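Chemist: Letter by letter, the chains look like this.
There are 2 protein chains.
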Amino acid sequence: MTDKIWASSADSHVLEPLDLWKRALPAALAERAPWTVRDDNRETVYVDGQVMRRDPISFSDAMRPPGAEDVSARLQDLDEQGVWAEVVFPSRGLWISNMSDAELSRECARAWNDWCAADFASASARLLPSAIVSALDVADAVSELGRAKELGFQHVYLPTTPPAGMPYNNEIWEPLWAAAAEAGMALSFHVGTGASPVVARGPGGAVINYVETTMPGQRVVTHLVASGALDRHPDLRIVIAEGGCSWIPALADRMDEGYRQHDMFVRPKLSRLPSEIIFRQVYTSFQHDRSAVPTVEALGYDKVMWGSDYPHLEGTFPNTQKVLHELFDGVDQAVIDRITEGTMRELFDLPERIPA
Amino acid sequence: MTDKIWASSADSHVLEPLDLWKRALPAALAERAPWTVRDDNRETVYVDGQVMRRDPISFSDAMRPPGAEDVSARLQDLDEQGVWAEVVFPSRGLWISNMSDAELSRECARAWNDWCAADFASASARLLPSAIVSALDVADAVSELGRAKELGFQHVYLPTTPPAGMPYNNEIWEPLWAAAAEAGMALSFHVGTGASPVVARGPGGAVINYVETTMPGQRVVTHLVASGALDRHPDLRIVIAEGGCSWIPALADRMDEGYRQHDMFVRPKLSRLPSEIIFRQVYTSFQHDRSAVPTVEALGYDKVMWGSDYPHLEGTFPNTQKVLHELFDGVDQAVIDRITEGTMRELFDLPERIPA
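Just so you know, the sequences run in chain order A and B.
The letter at position 27 of the first sequence is residue 27 when you use full-length UniProt numbering, and the numbering goes up by one with no holes.
The letter at position 334 of the second sequence is residue 334 when you use full-length UniProt numbering, and the numbering goes up by one with no holes.
Hints may contain errors.
Any copy will do: because identical chains look the same in the list, a pair fits if it lies in one copy or spans two.
Stated by the list, open to error - When the alpha-carbon atoms are kept at most 20 Å apart in a straight line, the in silico SDA-like pairs for lysine to any residue are as follows:
hint : residue 1 : residue 2
1    : K4        : Q321
2    : K322      : F348
3    : K322      : D256
4    : K322      : M63
5    : K322      : G184
6    : K322      : S60
7    : K269      : E314
8    : K149      : G300
9    : K269      : P203
In case anyone wonders, no lab produced these hints; they're calculated from the structure.
Owing to the predicted nature of the structure, the values given are computational and were not obtained by experimental measurement.
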């Protein structure tokens, strides 16, 4: 390892204050908002009276460096790790995607966005948080997307697994696709959200469940392309965050094959091949994948963004420089620039990088 | 297009006689075996009293050139299309994977293997059919795998979606993994089998469902690697047929990341990284994918096999030469040789190709 490699991260997380919703919402809603309890060496997440997740405290704490909650410490971590700008997703706020009450979902999202704009994003133009919108009511989502744009957000987070009965190929979503395209807001789908990521038990379960989180991300792309949503809105850009990037050419080929070979069953017809739509409008992020560079260099798919996933265990903190050197030493500089910042700059307004 | 490109197909299908099981089994079993009825412009498949599938007759008939059922016509098609050796999967026999009665499953598989060895494989050494084993009872599967080897089969077909309650990471399967490794029989998992491939409705449904068939194939690899099955049996080779090949590097990276970053939860530990196991023991086949050549050339994954999927609509018949030229014109000859036959020759004994 020699020089510091500076990169911007397309996938990171902020840990919100636990009492965010208690401070912002009336008690009747606040008591149903995400909440955690620590006992018996376990941390349990409750949402609207339901247990969402239970982890060993050691696991939860391993993902909470001071910078997870404290934005000043965070910016020091970024400088030390060599991360310039950061797309920042929620942490506790992700549980909003698991709610089943539309009012609770709408109000929790609204409170999160207000908190984030005032107390987090305001700290630095290097932070590019996603806004949260309710996925339970598309009119609510459209309304909050407009408000989020006013608040300065450049993109909106959505769960990779949509609410039951609302698959992303359903026409019900059309107003949100149209509003996002019109507002120039990217839609950022983060893997592992909207449904429990734990589906397998038994030998290999941890790795199996880790892989399972990628499949709903593949489905999001498939549904938004096959249904014609991305074709009808050529300016709409979507992101599948944290699921890797090198599966995209395989999915594009698969969709082209189905579209062409099963022509007699295909509705709607598209104005472009699925692969053309995907390669142009679908962005992805990865952390460690050795397949990322050849995907850009040899497979012709360049909407590829590196992400630190700070501060999660799946991510690169505190070893970001080691990972970046393993990924990029000896690689063509144009490809490095593309993956570490150029792709992200297509999606978002980023501050100019201060020369290192 | 100029010269004829000769290729061997790692994925094709034979259409068995409709009355195969009526001829071979006692009436009480035969009447529950796969059967089709044509009426109202629909072809309906029944298995054990249940409707398995209903297709327009035009769709069913489009996949039935004379060579689908008549092996002499088939060999003429192969010569004309430029296909040398052929891995051949069942058609009606695939429904055995959807049965829930162990005796019916075992006896239908046995009858299929007897028919195939006597009436199909005997026609030419260029035909490499998979044997069928019941997936409902592992002892039955082990026993039939041994019998299949005696009958001359070189591999065994299994469904990508296992029976309910029997995920492929379960220890219940260990005797089959051990027996296949010991016998040198590859295990060939064919996409779209073992569960209905139709899961989505509405806009884009045909393409969405076509993509969905690939996910259980990804799961097979994940389960057999994460559970340690392929690590315990380094001579065991598995094939995921018809699902493409370029998703493998993405899956390998994802599994390595989960295995390393979630170390505290990972059981069992493996003697090699998941990616090493996958790149060495997992074989895949594709038909049209433009991503196949760069996967071999730039991503370091070379267990890649082309397949015609004869006589299916997803396949290349009757345009095989056009597809092969689109895939391979201008490509390094060593890569062409690898994809069109070399990989398959690692798995199977193939007859030497007669110079064209």
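Chemist: State for each hint whether it applies.
Modeler: Hint check results:
no.	hint	result
1	K4 - Q321	within (7 Å within a copy, 51 Å between copies)
2	K322 - F348	neither (27 Å within a copy, 42 Å between copies)
3	K322 - D256	between (38 Å within a copy, 17 Å between copies)
4	K322 - M63	within (19 Å within a copy, 53 Å between copies)
5	K322 - G184	neither (35 Å within a copy, 42 Å between copies)
6	K322 - S60	neither (24 Å within a copy, 55 Å between copies)
7	K269 - E314	between (39 Å within a copy, 18 Å between copies)
8	K149 - G300	neither (32 Å within a copy, 44 Å between copies)
9	K269 - P203	between (43 Å within a copy, 10 Å between copies)
Violated hints for the displayed structure, listed by number in ascending order: 2, 5, 6 and 8.
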